[in-house]
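Work the whole structure out from these sequences, hints included.
Protein chains in written order, with the numbering used here: chain A, 1 to 135; chain B, 1 to 101; chain C, 1 to 130.
Hints were generated in silico from the structure; no laboratory data involved.
All values derive from a computational prediction rather than experimental measurement.
Incorrect hints may appear among the rest.
Stated by the list, open to error - Residues of chain B clear of chain A, computed beta-carbon distances all greater than 12 Å: (1) 3; (2) 6; (3) 24; (4) 25; (5) 59; (6) 66; (7) 68; (8) 72; (9) 74; (10) 80; (11) 95; (12) 99.
As the list claims (entries may be wrong) - Straight-line C-alpha distance at most 25 Å; calculated PhoX-like pairs for lysine-lysine: (13) C:106 x C:70; (14) A:6 x B:96; (15) C:2 x A:6; (16) B:96 x C:106; (17) B:57 x B:14.
Stated by the list, open to error - Not everything, but these chain A residues come out facing chain C in the computed CB check (under 8 Å): (18) 7; (19) 31; (20) 33; (21) 114; (22) 116; (23) 131.
We treat Cβ as the ideally placed atom computed from N, Cα and C, and that holds for glycine.
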Amino acid sequence: MSDVKKFLYLNRRAPYGTIYAWESLEVVLIGAAFDQEVSLMFVDDGVFQLVKGSDTSELDMKNFMPTYRTLGDYGVRHLYVDKASLEARGLTQDDLIEVAWEDWETEEEVDNIVEIVDSGQAIGVFEESDVVFSF
Amino acid sequence: MADLYTVNKSPFEKNSLEDVIRFSGEGASILFIEDGVYGAMAGTAVSDLVANATGRKFYVLGPDLKARGIAEDRLIDGVELVDYAGFVDLVVENDKVQAWL
Amino acid sequence: MKLAVQVNEGPYQHEASDSAYHFTKAALEKGHEVFRVFFYHDGVLNGTRLTTPPQDDRNIVERWVALAEKYDLDLVLCVAAAQRRGIVDEGEAERNGKDATNIAPKFRISGLGQLIEAAIQSDRLVVFGD
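Right under this line is the structure:
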């Protein structure tokens, strides 16, 4: 087995109502130092984590939306969003933030690594992962 | 080889079971633990979810089932009872574990 | 086989910590190696020695401690999660100017990297949560 594992972070919870979304994001950030192949999957209320326009100023809570935008810099290669979950919540890709990615060695660039996937594609993502983190 | 999925939520409370069936492929093993064991009961409004999910194997954690007073004869046909040692075996036998909380 | 266990919930509030304990114990009894049990979110509350359940109930904290003593198990509390929830060892008390510690024996506080490392080093990661 190669040293690099494919990590998949499974996010199924809305932000702010509980700490799970934020603390799982902290794992992703720390995990970047380990040079694994990292993807995130947003399902169910987890898709709300990527909705743009968040303003937490009146709650005195940390707004971690800007952190998602930097995930490309932390080595995250894919942010997959479950299509059915998104549609069930009346959302489209336009409602979601964009996350850019660049490979510093090859200078390969991707404008937006937030990708909407159907169940079949998602099954493929789960299958090819080596480790699934749930929070 | 395939994955082991754990479901710890009652299907009457959260859609974890529905998700697991939607996101699991052929050959998947699905283990009900904690409040998830209610999903293994026959004759409920959601029993068909399990009964109609072909190509997957379902297991239920005995100690959790027993704690909730659900007799084995209330299980959906084909759901296999395991103890914690059996849970460990399922983890070992499958490629990885996905916790659908 | 080498296993890693992640516990996301505190004791008593949620069954996750019981499930994780019974699973870990069963794995060890079957001769598997448990590389690490990593406590995250409210799971860090599994590691306070001040827990005092009623006498007729299980002592979840002491149960972890006993398992760790028997099998030399590595019980790690996430430092960021522990700081938020007031779980303190001597090092943390000194660094953050706290007047007491409450970490249970056999537990240690360390960084999130310990979870990532456990996932890399182990053949399987098993997560227990809400």
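Results of checking the hints against the structure:
1. 3: 7 Å, violated
2. 6: 9 Å, violated
3. 24: 7 Å, violated
4. 25: The claim is violated: residue 25 of chain B sits with its nearest Cβ about 5 Å from chain A, within 12 Å.
5. 59: Holds, since 18 Å exceeds 12 Å.
6. 66: 26 Å, holds
7. 68: With a cut-off of 12 Å, residue 68 of chain B remains clear of chain A, as the shortest Cβ separation is near 23 Å.
8. 72: Since the minimum Cβ distance to chain A is about 29 Å, residue 72 of chain B lies beyond 12 Å and the statement holds.
9. 74: 28 Å, holds
10. 80: For residue 80 of chain B, whose nearest Cβ neighbour in chain A is about 23 Å away, the distance exceeds 12 Å, so it holds.
11. 95: 8 Å, violated
12. 99: At roughly 4 Å from the nearest Cβ of chain A, residue 99 of chain B sits no farther out than 12 Å, so the non-interface label is violated.
13. C:106 x C:70: 11 Å, holds
14. A:6 x B:96: 12 Å, holds
15. C:2 x A:6: 18 Å, holds
16. B:96 x C:106: 28 Å, violated
17. B:57 x B:14: 21 Å, holds
18. 7: 7 Å, holds
19. 31: Since the shortest Cβ distance to chain C is 5 Å, the answer is holds.
20. 33: 7 Å, holds
21. 114: 23 Å, violated
22. 116: 26 Å, violated
23. 131: Status holds, d = 5 Å.
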